[in-house]
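Protein chains in written order, with full-length UniProt numbering: chain X, 1 to 365; chain A, 1 to 365.
Among the hints, erroneous ones may be present.
Remember, identical chains collapse to one label, so a pair may be satisfied in a single copy or spanning two.
[Claimed, not checked] No farther apart than 20 angstroms at their CA atoms in a straight line, the calculated lysine to aspartate or glutamate pairs in the EDC-like style are these:
#  : residue 1 : residue 2
1  : K101      : E333
2  : K101      : D34
3  : K101      : E330
4  : K344      : E299
5  : K217      : D176
6  : K101      : E321
7  : K344      : D216
8  : K217      : E317
9  : K101      : D238
10 : K217      : D203
11 : K344      : D82
12 : K217      : D76
13 : K217      : E321
14 : K217      : E229
Note that these hints are calculated values from the structure, not bench results.
There are 2 protein chains.
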Amino acid sequence: MSNPSTLRVPIDLGDRSYDILIGSGLLADAAAFDGLPTSADALIVSNTVVAPLYAQRLAERLATRHRRVLQVVLPDGEAHKDWQTLNQVFDALLGAGCDRKTVLYALGGGVVGDMTGFAAACYMRGVPFVQVPSTLLAQVDSSVGGKTAVNHPLGKNMIGAFYQPQRVLCDLDMLDTLPDRELSAGLAEVIKYGPIADMAFLDWIEAHLPALMARDKAALAHAIRRSCEIKAWVVGLDEREGGLRAILNFGHTFGHAIEAGMGYGAWLHGEGVACGMVLAADLSARLGLVDAAFVARIERLVAAAGLPVQAPAMPIERWFELMRVDKKAEGGEIRFVVIDGPGKAAMRPAPDALVAEVIAAHTAR
Amino acid sequence: MSNPSTLRVPIDLGDRSYDILIGSGLLADAAAFDGLPTSADALIVSNTVVAPLYAQRLAERLATRHRRVLQVVLPDGEAHKDWQTLNQVFDALLGAGCDRKTVLYALGGGVVGDMTGFAAACYMRGVPFVQVPSTLLAQVDSSVGGKTAVNHPLGKNMIGAFYQPQRVLCDLDMLDTLPDRELSAGLAEVIKYGPIADMAFLDWIEAHLPALMARDKAALAHAIRRSCEIKAWVVGLDEREGGLRAILNFGHTFGHAIEAGMGYGAWLHGEGVACGMVLAADLSARLGLVDAAFVARIERLVAAAGLPVQAPAMPIERWFELMRVDKKAEGGEIRFVVIDGPGKAAMRPAPDALVAEVIAAHTAR
Numbered sequence: 001m002s003n004p005s006t007l008r009v010p011i012d013l014g015d016r017s018y019d020i021l022i023g024s025g026l027l028a029d030a031a032a033f034d035g036l037p038t039s040a041d042a043l044i045v046s047n048t049v050v051a052p053l054y055a056q057r058l059a060e061r062l063a064t065r066h067r068r069v070l071q072v073v074l075p076d077g078e079a080h081k082d083w084q085t086l087n088q089v090f091d092a093l094l095g096a097g098c099d100r101k102t103v104l105y106a107l108g109g110g111v112v113g114d115m116t117g118f119a120a121a122c123y124m125r126g127v128p129f130v131q132v133p134s135t136l137l138a139q140v141d142s143s144v145g146g147k148t149a150v151n152h153p154l155g156k157n158m159i160g161a162f163y164q165p166q167r168v169l170c171d172l173d174m175l176d177t178l179p180d181r182e183l184s185a186g187l188a189e190v191i192k193y194g195p196i197a198d199m200a201f202l203d204w205i206e207a208h209l210p211a212l213m214a215r216d217k218a219a220l221a222h223a224i225r226r227s228c229e230i231k232a233w234v235v236g237l238d239e240r241e242g243g244l245r246a247i248l249n250f251g252h253t254f255g256h257a258i259e260a261g262m263g264y265g266a267w268l269h270g271e272g273v274a275c276g277m278v279l280a281a282d283l284s285a286r287l288g289l290v291d292a293a294f295v296a297r298i299e300r301l302v303a304a305a306g307l308p309v310q311a312p313a314m315p316i317e318r319w320f321e322l323m324r325v326d327k328k329a330e331g332g333e334i335r336f337v338v339i340d341g342p343g344k345a346a347m348r349p350a351p352d353a354l355v356a357e358v359i360a361a362h363t364a365r
Numbered sequence: 001m002s003n004p005s006t007l008r009v010p011i012d013l014g015d016r017s018y019d020i021l022i023g024s025g026l027l028a029d030a031a032a033f034d035g036l037p038t039s040a041d042a043l044i045v046s047n048t049v050v051a052p053l054y055a056q057r058l059a060e061r062l063a064t065r066h067r068r069v070l071q072v073v074l075p076d077g078e079a080h081k082d083w084q085t086l087n088q089v090f091d092a093l094l095g096a097g098c099d100r101k102t103v104l105y106a107l108g109g110g111v112v113g114d115m116t117g118f119a120a121a122c123y124m125r126g127v128p129f130v131q132v133p134s135t136l137l138a139q140v141d142s143s144v145g146g147k148t149a150v151n152h153p154l155g156k157n158m159i160g161a162f163y164q165p166q167r168v169l170c171d172l173d174m175l176d177t178l179p180d181r182e183l184s185a186g187l188a189e190v191i192k193y194g195p196i197a198d199m200a201f202l203d204w205i206e207a208h209l210p211a212l213m214a215r216d217k218a219a220l221a222h223a224i225r226r227s228c229e230i231k232a233w234v235v236g237l238d239e240r241e242g243g244l245r246a247i248l249n250f251g252h253t254f255g256h257a258i259e260a261g262m263g264y265g266a267w268l269h270g271e272g273v274a275c276g277m278v279l280a281a282d283l284s285a286r287l288g289l290v291d292a293a294f295v296a297r298i299e300r301l302v303a304a305a306g307l308p309v310q311a312p313a314m315p316i317e318r319w320f321e322l323m324r325v326d327k328k329a330e331g332g333e334i335r336f337v338v339i340d341g342p343g344k345a346a347m348r349p350a351p352d353a354l355v356a357e358v359i360a361a362h363t364a365r
């Protein structure tokens, strides 16, 4: 790396290994692209919010590496994370006659990353792609682990693939333009890594929350690196989500139900996860796995990060209906990620009555 | 296997290895299903032609292994091999609340197999599936090798995945109801394995063509086994189509252009390949790789199998336009699978003028 302050997190997945680079000014740094596949064509996939800010900068960098640099700009938001939007990527690739060596660049948040990754997995049965996540949420979470997908009207991320990028470029400068609400949503996934894996990191987050919310670059770089390291460790042990990897879904069973129940886009993913973590921590306490002080600590941190701790009002049958389509469910039984003592997660079913109690205790009236 | 006459072709792909079983009465043979994943749900994906003939028989067999056996019946034919039809499979799975252990059974020809395999690759990022190919073409070819896909308006099989089945069950009894035209189309892919890999097999096919066309079970079983063995050998060396595997596409560059140019469904895939093999053999001769007698031999066998040896009339620019979107093309250069001496294939570009000569020489006037 030409820039000595750039951090590198290696993701070790055998012949699908790749690096996450974290630093300022990466888009302008030729060295950050060293070793990526060159080919006749590259396609930048972005959205209507991010493209005007950063697509030109990335296109100029790629013009030194590819004969043609094409762009496709998708509508913004989870509501457009569907097959119809994905097909715009295929239309662009086939319309321009792009071959199976074409490199896709995902420039945007988690939605752009998930859709571009899935497009790369499927186009001519697989082309290389690079993640350039523009949000904190995507930098700490959705750009790591190879999960790609689109939504189906009956469920979130139901159609997808496990497909690894060639590299992830986390340019911290892109976070300067991120709205406060999205910064907070990203912090939800950062906070998550504490209770499930690393209580020392939770201490660090509590101590550095003001710096993180003020977008201090050094604090953000450390938070992203540590989150990616923990995720990399988990994904390295369980790439295809046989078991352990599911602990990364702490807060997500409740969170997905909130997102789907409110209509995609009303709640940000990170907001659903944040509130879901409070509920899952409480469920853990009611199962006798952690004490009430632990639940209060999670709730306090979530609130301090500008995130919701109260679930929206939904009929209880609707909650269960939504949670039963969760991908972790098996044979109709919902399985929850719970905290099995601070810093350690586990997956288990829970009695419906207990789950209903948890939801009632955290629903605004 | 309970039935001693059932043939077994093991496909060795490490932790994605599986067996092809070839025999009569497999659908009714409980032993043919031994070791396949059991789970709460199974989904049979079939089409309007095959479902009325065989879905009930398969459903009865699966009812002993799964709590629910669901069915989805797709419209028949290459014209429906698209995302809209694929989505019917996702709708069925999600509508019934099927989890990620659900086993998909592809009961039909190549189109059903390709779409079911792709649906299995994508549903919740991957569920197990079993191929039950009902046509000779699917039994010898499209059910082996893990290629799954749907078409895009701008190109055939452009959106897909490499995804291996748990098993392939080739029940020879299903060939009894196959129309003659489709039997011939399947023979095209059988014939292909001679010139690219095994001239002794080509001798055998010539000697047993009457038996094959009379649907003699022993002859068909041998033809399917040998085709699968050769394909398995090639795919084992090159699962992701880096190079060698492309030789399986002998006749396909011309053939795909014919299929796409005439509108999917007007020519059967095997018919396009058959005619394409004659053109590719002639191209090989004009490149000095084989002699005229070899071309005549291929053409004679193709015709004897009831397959077309004359290409349809299309403007030459249209031919090149269609061939340039072939997945083997790189940087706009078309690459052809040629016969580099009898029994040995190679991939190479060819001068446009020579290609045009070949097309003109084999086009009906």
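A quick look at each hint next to the structure:
no., hint, result
1, K101 with E333, "between (43 angstroms within a copy, 13 angstroms between copies)"
2, K101 with D34, "within (17 angstroms within a copy, 41 angstroms between copies)"
3, K101 with E330, "between (38 angstroms within a copy, 8 angstroms between copies)"
4, K344 with E299, "within (18 angstroms within a copy, 68 angstroms between copies)"
5, K217 with D176, "within (10 angstroms within a copy, 70 angstroms between copies)"
6, K101 with E321, "between (43 angstroms within a copy, 19 angstroms between copies)"
7, K344 with D216, "neither (29 angstroms within a copy, 63 angstroms between copies)"
8, K217 with E317, "neither (44 angstroms within a copy, 56 angstroms between copies)"
9, K101 with D238, "between (28 angstroms within a copy, 17 angstroms between copies)"
10, K217 with D203, "within (19 angstroms within a copy, 72 angstroms between copies)"
11, K344 with D82, "neither (34 angstroms within a copy, 45 angstroms between copies)"
12, K217 with D76, "neither (26 angstroms within a copy, 57 angstroms between copies)"
13, K217 with E321, "neither (42 angstroms within a copy, 51 angstroms between copies)"
14, K217 with E229, "within (18 angstroms within a copy, 58 angstroms between copies)"
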